[in-house]
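Asks: Okay, here's what each chain looks like letter by letter:
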Amino acid sequence: MYQYSPEDTKFLVERVDQFEKQLKRHLDGDLDAAKFRSLRLRNGLYMELHAHMLRVAIPYGTLNTIQLRALADVADKYDRGFGHFTTRQNIQYNWIQLPEIANLLRDLSSVGLHAIQTSGKATRNITADPLSGLTEGEIADARPYCELIRRWLNLHPEFSWLPGKFKIAINGAKLDETALRVHDLGLRLVRNKEGELGFTVYVGGGLGAAAMVAAETASFVPVEDILSYLESAMRIYNLKGRRDHLKKLRIKFLVRQLGAEEYSRLVDEDWKQTRDDLELKLNLTQLSELEKDFALPIKPLVLDGFVDKVDFNYSIWKKNNVRAHKISGHSIVNISLTKLGEAPGDATSEQMRILADLADQYSYSELRTTKRQTIVFPHVRKDQVFDLWKSLEKYGLASPHQGTLAQIVACPGGDYCDLAKAVSIPIATRVQQRFNDMDKLLDIGNLNINISGCENSCAHHHVADIGLLGMQKNGEEYYQITVAGETLQKTVIGKKLGPSVSGDNVVDAVEDIVNVYLDNREEEEKFTEVFKRIGIKPFKEKVYE
Amino acid sequence: MSDSNELTAASATLEAKVTESRPLDTSVLNKDNESIELVSVEQWIENVDEFSKLGVGVIVKPSDDVKLLQDTLNNVTLIALDFNNFDDGRGYSQAYLISKRWKYAGEIIGINAHLDQLQFMLRSGVTSYKLLQDYEGFDELDYSNGFSICYQAAANNSGLKEKF
Ligand code: HEM
Ligand code: SF4
Numbered sequence: 001m002y003q004y005s006p007e008d009t010k011f012l013v014e015r016v017d018q019f020e021k022q023l024k025r026h027l028d029g030d031l032d033a034a035k036f037r038s039l040r041l042r043n044g045l046y047m048e049l050h051a052h053m054l055r056v057a058i059p060y061g062t063l064n065t066i067q068l069r070a071l072a073d074v075a076d077k078y079d080r081g082f083g084h085f086t087t088r089q090n091i092q093y094n095w096i097q098l099p100e101i102a103n104l105l106r107d108l109s110s111v112g113l114h115a116i117q118t119s120g121k122a123t124r125n126i127t128a129d130p131l132s133g134l135t136e137g138e139i140a141d142a143r144p145y146c147e148l149i150r151r152w153l154n155l156h157p158e159f160s161w162l163p164g165k166f167k168i169a170i171n172g173a174k175l176d177e178t179a180l181r182v183h184d185l186g187l188r189l190v191r192n193k194e195g196e197l198g199f200t201v202y203v204g205g206g207l208g209a210a211a212m213v214a215a216e217t218a219s220f221v222p223v224e225d226i227l228s229y230l231e232s233a234m235r236i237y238n239l240k241g242r243r244d245h246l247k248k249l250r251i252k253f254l255v256r257q258l259g260a261e262e263y264s265r266l267v268d269e270d271w272k273q274t275r276d277d278l279e280l281k282l283n284l285t286q287l288s289e290l291e292k293d294f295a296l297p298i299k300p301l302v303l304d305g306f307v308d309k310v311d312f313n314y315s316i317w318k319k320n321n322v323r324a325h326k327i328s329g330h331s332i333v334n335i336s337l338t339k340l341g342e343a344p345g346d347a348t349s350e351q352m353r354i355l356a357d358l359a360d361q362y363s364y365s366e367l368r369t370t371k372r373q374t375i376v377f378p379h380v381r382k383d384q385v386f387d388l389w390k391s392l393e394k395y396g397l398a399s400p401h402q403g404t405l406a407q408i409v410a411c412p413g414g415d416y417c418d419l420a421k422a423v424s425i426p427i428a429t430r431v432q433q434r435f436n437d438m439d440k441l442l443d444i445g446n447l448n449i450n451i452s453g454c455e456n457s458c459a460h461h462h463v464a465d466i467g468l469l470g471m472q473k474n475g476e477e478y479y480q481i482t483v484a485g486e487t488l489q490k491t492v493i494g495k496k497l498g499p500s501v502s503g504d505n506v507v508d509a510v511e512d513i514v515n516v517y518l519d520n521r522e523e524e525e526k527f528t529e530v531f532k533r534i535g536i537k538p539f540k541e542k543v544y545e
Numbered sequence: 546m547s548d549s550n551e552l553t554a555a556s557a558t559l560e561a562k563v564t565e566s567r568p569l570d571t572s573v574l575n576k577d578n579e580s581i582e583l584v585s586v587e588q589w590i591e592n593v594d595e596f597s598k599l600g601v602g603v604i605v606k607p608s609d610d611v612k613l614l615q616d617t618l619n620n621v622t623l624i625a626l627d628f629n630n631f632d633d634g635r636g637y638s639q640a641y642l643i644s645k646r647w648k649y650a651g652e653i654i655g656i657n658a659h660l661d662q663l664q665f666m667l668r669s670g671v672t673s674y675k676l677l678q679d680y681e682g683f684d685e686l687d688y689s690n691g692f693s694i695c696y697q698a699a700a701n702n703s704g705l706k707e708k709f
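Protein sequences appear in the order of chains A and B.
Those letters in the first sequence? Residues 1 to 545, per the numbering used here, in order.
Those letters in the second sequence? Residues 546 to 709, per the numbering used here, in order.
For the record, the hints were derived by calculation from the structure and aren't laboratory data.
Fair warning: this is a prediction, and the values are worked out from it, not measured in the lab.
Note that the Cβ used here is the ideal one computed from N, Cα and C, for glycine as well.
Where hints are given, some of them may not hold.
[Said to hold, decoys possible] To give an idea of the interface, some chain A residues facing chain B are shown, with a C-beta separation under 7 Å as derived from the structure:
#1 K35
#2 R151
#3 E158
#4 L239
[Said to hold, decoys possible] Below, a list of computed lysine-lysine pairs in the DSS-like style, where the Cα atoms sit at most 30 Å apart:
#5 K598(B) with K35(A)
#6 K706(B) with K35(A)
#7 K706(B) with K24(A)
#8 K706(B) with K10(A)
#9 K612(B) with K248(A)
#10 K10(A) with K708(B)
#11 K598(B) with K165(A)
#12 K648(B) with K240(A)
#13 K708(B) with K272(A)
#14 K35(A) with K606(B)
#15 K292(A) with K706(B)
#16 K10(A) with K247(A)
#17 K174(A) with K299(A)
#18 K537(A) with K495(A)
#19 K675(B) with K165(A)
#20 K606(B) with K240(A)
#21 K675(B) with K606(B)
#22 K675(B) with K21(A)
#23 K240(A) with K165(A)
#24 K292(A) with K708(B)
#25 K292(A) with K248(A)
#26 K645(B) with K165(A)
#27 K248(A) with K648(B)
#28 K35(A) with K675(B)
Using the sequences plus the hints, can you model the full thing?
Replies: As C-alpha cells, then:
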C-alpha cells in the first residue's frame, strides 16, 4: 500500500511546527481571532464554545491498519475514546484541548495522516470511490490521481485563499459512489475514441440551501493536462467568485451567475496559455509509481468445491453487505458501526482496534471509508467471509439491518448541533421502530433515507430516495420531504413533495411513501425507477390526502 | 464566538461586509528605499503616457482587473499589490498573472502584508513585501520559508525541493 516518503512526512511535521507557532501567537494575544480562525481552519481545527473539533483527512478513503490504530490511540489519548467517520472520508474528534493539538498532529504525521486543508476556504480532502480498484468495468483506479492532485494542491500558493471551500471528487468506476456532480469540481475518468485516458470535468455542484448539479465544462481533458485545466478552473473562481455575500461564496453561484458556457469559455481562454507548459504536465513517472503502490495485494483464487455456509442471519447480512470483487475468489465486505438509534459514523477506539485486527486477519490490512459512513474491507477471501461475519457478530458489528432502509444517514441534528432547526437522530429512530419487521425490510430492499437537521445538508438529504430536511414553522419542528434523489447512475436532486410535514406526522409520511413504492413496484424496480414511471402524483396524494 | 454561532449570526444578516472603504496607500518605499508615488489602476489607464514619464507605480486592489494593465505593464515602475484583507486571495492570482504569465520585470511589492501569508505571496510572484505593523518582532523566515519541499510549479520556488 502507498506510504508517504520521508520528505512528505517531514513536510507534515513542518506544517505542524508552523501551526504551533501560530497557536502560541494567538494565545499570547499577538494574532487576532479572525486571522487565527482562518489559519486554524486550514489545519482542520474548529473552536466551539466548550471544546474543539479536529477534522483529520482520510485521503481517498483508504486506511491501513497502522493508521486506524493511530486514530484509535488519538481518540483515547486526546479525545473521549470516540471518533466520528464523516460522509466525506474524514474523521472528526469533538473534544480536543488546544494545548495538545500539535502533539496530536505530530502523532498522526508519523503514520502519514494529517488535517491539512480539511476545512476553511481552501481545497479540501479529495474524495474517491471507496471501491476504487475493486469493481468490474472500472476505467482506472482513481486514487493515484487523487494523490497527485492532493499533493499539487498542498499549500498551493495561488489557491489557498479562495472565496469559499472547494471540494473535489474523482471517480473511475461505472457507478458513481462519490456523488461527484454535487461537488464543487468533479472528475470522471473516461477513455476517448482513441482509447486514451482522460477526465470529464464537472464544475459548480453542491448541496446546501441551493442544491445544484454540476455542469460539464470539458468532455475530455487528457490525464497529463489535468493540472493545467484545474489551475485555470480555479483561477477563474479565485478572481471572479463572489466574496461579497456570505451565502454565495461557493463556485456554484459563480457558474450560475455567468452561465456554464461563459464560465467554460473563460477557463478555456486561460487554459490555452498554459496547456503546453511542461511544468504543469502531470508527472507520468510518478503516476506509474503510484499505480504500483496502489496495486491490489491479491491474485485470482480458484476455490475448488467451495460452498458457503447456510445460516439465516448470515444470509440476510450477506445479501445486503457483501459485493462481488473483480478478482475471482474474493469479496468486498461492508461494515456499519452504527447500532439502531445511534448517530451514524461514531466509532469507539475499541471498535477501531477490533476492525484493525480483523482487517489484518481478513483484508490484507486495508480498509476504506464510504459516504454512507461505513467501513469497507476491500479484499476478503470468499471462503473466509463466514468467519469474518462470525467475528463481526461477536462484536455487534454485523447487524442484519445494514444495507436496508433501517440504516439511515442522519446528521447530529438538534441534539448535538447548534445550527440545527430540528432533530435528526430521534426521527431516524422512530422510522426504524416503524419498520422493525425484518421480512418487510428485506422486501423493501435498499432504500436510502437521509435526514439533515438544517439547510447545511450534512446528511446529503437531496440525493437520497427519501430526504428529510429539518426546519422551523411557528416555533415547531417541521420537515421538508424530497424524493427520488440519486447519484449512482446519474445525479438528480430530489424533488420537493409538497408542504413540509410536522415532526408528529413525518414518520407516517415516510411510511406512505414507502407503501406507494411497494404497491407500484414491478419486479426488482428500484425506488427511483418506480418514481420515474409513475411520477410524483401518487406519492403526493397519499401523503397529503 | 464559536464557529457555529458565528455562522448562525452570519446567515441571519446577509450583510456584505467585504468591501471596506480604506484609503489607498499613495506611496511606497521600493527595495532600494526610494519613495515611489502610487496611482490607482483607473488613474493609470486614463493617463498612461503622462504617468509613464513620471515613473510612478500602480497600486492594485483585490477587486481590480489586472488585465487592464497587461498592454502597458512595462511602463509601470513598480506594482504594489494590496494584501490588507487577509481572506481575499485575489492578490495571489494577480501576482501570478503579472509575474509569471506577463513576465513583468519590475518590482512587485506586496503591501499591507500578513506574516502568515508570506510564503504564499512570495511563491505567487511577489518580489518584495511590506508587512503591516502588527508583525514587528517575529521571525519572518518562519513564515516566508518554513518548508523544505513544495508540490507545485510557481513563480518562485527558490530554496524548496520541488516534487511534482
Ligand atoms: C455539530 C456538528 C456540525 C456542524 C456545526 C456542522 C456545520 C456545517 C456547516 C455550517 C456546513 C455548511 C458549510 C458551507 O456550505 O459553507 C456544513 C456542511 C457539511 N457538513 Fe457539517 N456540521 C456538523 C456536523 C457534520 C457531520 C457529523 C458531518 C458528517 C457526517 C458533516 C458533514 C458535512 C458535509 C458533507 C457538508 C457539506 C455539504 C455540501 O456538500 O454542501 N457535518 N456543516
Ligand atoms: S445539517 Fe445542519 S443540523 Fe445537521 S449537522 Fe449539519 S449543520 Fe448541524
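Asks: Are the hints correct? Go through all of them and say.
Replies: Each hint, compared with the structure:
1. K35: Holds: closest Cβ of chain B sits about 5 Å from K35(A), inside 7 Å.
2. R151: 4 Å, holds
3. E158: Holds. Min distance 5 Å.
4. L239: Constraint on L239(A) satisfied, holds at 5 Å.
5. K598(B) with K35(A): Between K598(B) and K35(A) the Cα gap is close to 40 Å, so the pair fails against 30 Å, i.e. violated.
6. K706(B) with K35(A): 29 Å, holds
7. K706(B) with K24(A): 28 Å, holds
8. K706(B) with K10(A): The hint holds at about 12 Å.
9. K612(B) with K248(A): 25 Å, holds
10. K10(A) with K708(B): 13 Å, holds
11. K598(B) with K165(A): Judged against 30 Å, a Cα distance of about 44 Å means the pair is violated.
12. K648(B) with K240(A): Status holds; Cα separation ~22 Å.
13. K708(B) with K272(A): 24 Å, holds
14. K35(A) with K606(B): 20 Å, holds
15. K292(A) with K706(B): 24 Å, holds
16. K10(A) with K247(A): It is violated: about 38 Å lies between the C-alpha atoms, which goes past 30 Å.
17. K174(A) with K299(A): 22 Å, holds
18. K537(A) with K495(A): With a Cα-Cα distance of about 12 Å, the restraint between K537(A) and K495(A) holds, given a limit of 30 Å.
19. K675(B) with K165(A): Holds - the C-alpha atoms of K165(A) and K675(B) are around 28 Å apart, at most 30 Å.
20. K606(B) with K240(A): 14 Å, holds
21. K675(B) with K606(B): 15 Å, holds
22. K675(B) with K21(A): 21 Å, holds
23. K240(A) with K165(A): Holds, at roughly 15 Å.
24. K292(A) with K708(B): Distance ~18 Å between K292(A) and K708(B) Cα, so the pair holds.
25. K292(A) with K248(A): 42 Å, violated
26. K645(B) with K165(A): Measuring from Cα to Cα gives roughly 26 Å; hence the hint holds.
27. K248(A) with K648(B): It is violated: about 34 Å lies between the C-alpha atoms, which goes past 30 Å.
28. K35(A) with K675(B): 18 Å, holds
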